[in-house]
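Novice: Chains as they are written, first to last, in numbering that gives the first Met the number 0: chain A, 0 to 405; chain B, 0 to 84.
Worth double-checking, as some hints may not be accurate.
Mimicking DSS-like on lysine-lysine, the simulated pairs with C-alpha atoms at most 25 Å apart in a straight line are [said to hold, decoys possible]:
(1) B:K83 to A:K126
(2) A:K68 to B:K9
(3) B:K17 to A:K68
(4) B:K17 to A:K126
No lab work stands behind these hints, which were simulated from the structure alone.
Spelled out, the chains give:
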Amino acid sequence: MLNRVVVTGLGCISAAGHNVKALTDTLFSYHDINTIAPVCNFKAKKNAYIAAEVKNYNPSQFFTAPQLKQLDRFSQFALIATQEAIEDAKITFSEHLAHRTCVVHGTSIGGQETIEHAYQQLFLEGKTRTHPFTVPKLLPSSATSQISMKYGIKGPAFSTSSACSSSGHAIAIATMMLRCNMVDVAIVGGAEACITEGNFIAWDGLRVLSADTCRPFCSNRSGLVIGEGAGTLILETQEHAQKRCAHIYAEVSGVGMSSDAHNLVQPLVEGAEQAMKMALSDAKVNAEQIQYINAHGSGTLQNDKTETQAIYQVFKEHSKKLKVSSTKSTHGHVLGAGAAIESIATILALKKQMLPPTRNYQKADKDCFLDYVTNHPIKHSVKQAMSNSFAFGGLNVSLLFSTYKN
Amino acid sequence: MSNIEAPILKILSEYTNKNLTEFAVTEPFENIGIDSLSLVEVIFDIEEYFDIVIPNESEIADKGFSLRCLGDVYQLVNALITEKE
Chain A
0 MLNRVVVTGL
10 GCISAAGHNV
20 KALTDTLFSY
30 HDINTIAPVC
40 NFKAKKNAYI
50 AAEVKNYNPS
60 QFFTAPQLKQ
70 LDRFSQFALI
80 ATQEAIEDAK
90 ITFSEHLAHR
100 TCVVHGTSIG
110 GQETIEHAYQ
120 QLFLEGKTRT
130 HPFTVPKLLP
140 SSATSQISMK
150 YGIKGPAFST
160 SSACSSSGHA
170 IAIATMMLRC
180 NMVDVAIVGG
190 AEACITEGNF
200 IAWDGLRVLS
210 ADTCRPFCSN
220 RSGLVIGEGA
230 GTLILETQEH
240 AQKRCAHIYA
250 EVSGVGMSSD
260 AHNLVQPLVE
270 GAEQAMKMAL
280 SDAKVNAEQI
290 QYINAHGSGT
300 LQNDKTETQA
310 IYQVFKEHSK
320 KLKVSSTKST
330 HGHVLGAGAA
340 IESIATILAL
350 KKQMLPPTRN
360 YQKADKDCFL
370 DYVTNHPIKH
380 SVKQAMSNSF
390 AFGGLNVSLL
400 FSTYKN
Chain B
0 MSNIEAPILK
10 ILSEYTNKNL
20 TEFAVTEPFE
30 NIGIDSLSLV
40 EVIFDIEEYF
50 DIVIPNESEI
60 ADKGFSLRCL
70 GDVYQLVNAL
80 ITEKE
């Protein structure tokens, strides 16, 4: 018999604020809160110049100067979100529990700021060497290492990297470890800090960045808006959470993963469809039992059309009753942290019995024909909700969360 | 010697919360909050500041120096600057 897996802690930093409360207030606000704005980190030179940056972020409020020397911006975000999640879960790690806990934290790109700073010194400023900790700082696994070191976690610890599904895969794989009793507790999520000049120009080269704002599923949608930040969730076996009388937000009821095996950038309906079907099958629920999907909804022409078709293929007639939204219109496309932040948004929807909207929505698109929650949150009964992440390279994850019943 | 002490103290102070002026220059680094990881960065910063190259541990030992405390660093940096000049 496999263990049931529950969520007992949430932590987040994003353009929507420095913690889960700020994210909640922004996602479920009846008023528009401006989270997408011209890039501040550098002067954008090309067509696209907007991003969902973490606002009013002063690293020295969170870390000492010696700590900052060893922390890329994405690791800083990972530690901030993780601290909030651990405090929220009210969990302390005894020597025994430290060995029964895993850290699985994803990132798409890793220490981009460190890489670009080092390259600038080497190739523009005439330096002949880089700072000695350039390599350990830029490693995509460094955030995971920093988390395990800070909390003394001695169980399995590794990073997942699957572009925009990275933290989705982190949650999925940790759920499996919990189910099969390999660990009792999992610190999972993802972090990204990719709004750097070089990376931004590279993304702009793909012609997928919006020059105005993120308006998923809208006929005049103009592309994605890159975001930054981190999301961390504390997962536990039901038994472990109950023993310590932990507050349980939700249950991770199903995970689905698939690969398009098709194209580096073009999504395929079948791949997304398979991931969603697998999550439903894993949770042993019918399509009709799902009330809400927090879509991948990146705001690109191709993704939103493909995802709409895939959702229709899975949910058929029920798709008329199914509510769908993309919270990327609020926190931006946070790449490797996206699935974690969107999982938190999905769990908050279950908790509040409210659905966060796709903001900036203007005109309906004949290719995006689902029942989207647009511009304002709505009250809605929701017991089972799905979070989709469909990454470049056709790497798909669908996660199913449900309200917790003993 | 005093020309090098202030910048070295400033560099070291970025890696520890302890007040370095309260310790003897012979106090081992581990007692003043500088671990081996920080020492790698300290060495890098000193090299950058003084435009010198601090050799690896065995070469330092061959020359009769070490890097166990602040006093060791003063002596070594002084020697390397003199050598450079």
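Novice: Can you give the numbers of the hints that this structure goes against, from lowest to highest?
Specialist: 4
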